[in-house]
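Build out the structure end to end from the sequences listed, making use of the hints.
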Amino acid sequence: MWCYRRLLKVPWTEKKNNKEIIQMADVGERLSQQLMKRKIRYAGHIMRGSSGPLLQLSLEGKVEGKRGHGRPRRIWMDDVKEWSGSTSYGDTKRKAEKEKNVETWLPTFGPNTALD
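Taking the numbering used here, the leading residue of the sequence shown gets 14, the next gets one more, and so forth.
It is possible that some hints are incorrect.
Mimicking SDA-like on lysine to any residue, the simulated pairs with C-alpha atoms at most 20 Å apart in a straight line are [stated by the list, open to error]: (1) 113 x 62; (2) 108 x 61; (3) 52 x 14; (4) 50 x 61; (5) 22 x 32; (6) 94 x 71; (7) 108 x 83; (8) 75 x 94; (9) 75 x 91; (10) 113 x 34; (11) 52 x 111; (12) 108 x 72; (13) 108 x 70; (14) 28 x 15; (15) 50 x 110; (16) 50 x 102; (17) 50 x 14; (18) 32 x 44; (19) 29 x 39; (20) 28 x 39.
What follows is a set of in silico ranges between Cβ atoms, one per label pair, in the way DEER data are often shown [said to hold, decoys possible]: (21) 26 x 51: 31 to 39 Å; (22) 88 x 15: 18 to 26 Å; (23) 87 x 36: 23 to 31 Å.
If you are wondering where the hints come from, they were derived from the structure by calculation, not from laboratory data. Fair warning: this is a prediction, and the values are worked out from it, not measured in the lab. From the three backbone atoms N, C-alpha and C, an ideal C-beta is built for every residue, glycine too.
This is the structure we're talking about:
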């Protein structure tokens, strides 16, 4: 959303939420929906194993070392797990292996849906 704020020259001191910025930019929610759809499609492709073991390893692999201080970062698979309605990576992977069309996981957006 910050890119729309920059394009519309909305200063950070104006307290406008993302929904108002989207309305000002007159782009609707097409961009975020398209990004969600592509992310879900790519995740399903990787989890089914049709892209080879290297990409699957990069998604499932663990990084050695210590984690930094503060709040844990949101990882890429958190969104996919949330959209699929699963609580773990294993459930999401089994779901992707069963279904060929993973786009059914995506939430439907109405005209009043905020993406804050």
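Going down the list of hints, with the structure as the test:
no.	hint	verdict
1	113 x 62	holds (12 Å)
2	108 x 61	holds (9 Å)
3	52 x 14	holds (18 Å)
4	50 x 61	holds (17 Å)
5	22 x 32	holds (16 Å)
6	94 x 71	holds (17 Å)
7	108 x 83	violated (32 Å)
8	75 x 94	holds (18 Å)
9	75 x 91	holds (15 Å)
10	113 x 34	violated (36 Å)
11	52 x 111	holds (18 Å)
12	108 x 72	holds (16 Å)
13	108 x 70	holds (18 Å)
14	28 x 15	holds (13 Å)
15	50 x 110	holds (17 Å)
16	50 x 102	holds (19 Å)
17	50 x 14	holds (18 Å)
18	32 x 44	holds (13 Å)
19	29 x 39	holds (15 Å)
20	28 x 39	holds (19 Å)
21	26 x 51: 31 to 39 Å	holds (34 Å)
22	88 x 15: 18 to 26 Å	holds (21 Å)
23	87 x 36: 23 to 31 Å	holds (26 Å)
Checked against the numbered hints given earlier, the structure breaks hints 7, 10 and satisfies all the rest.
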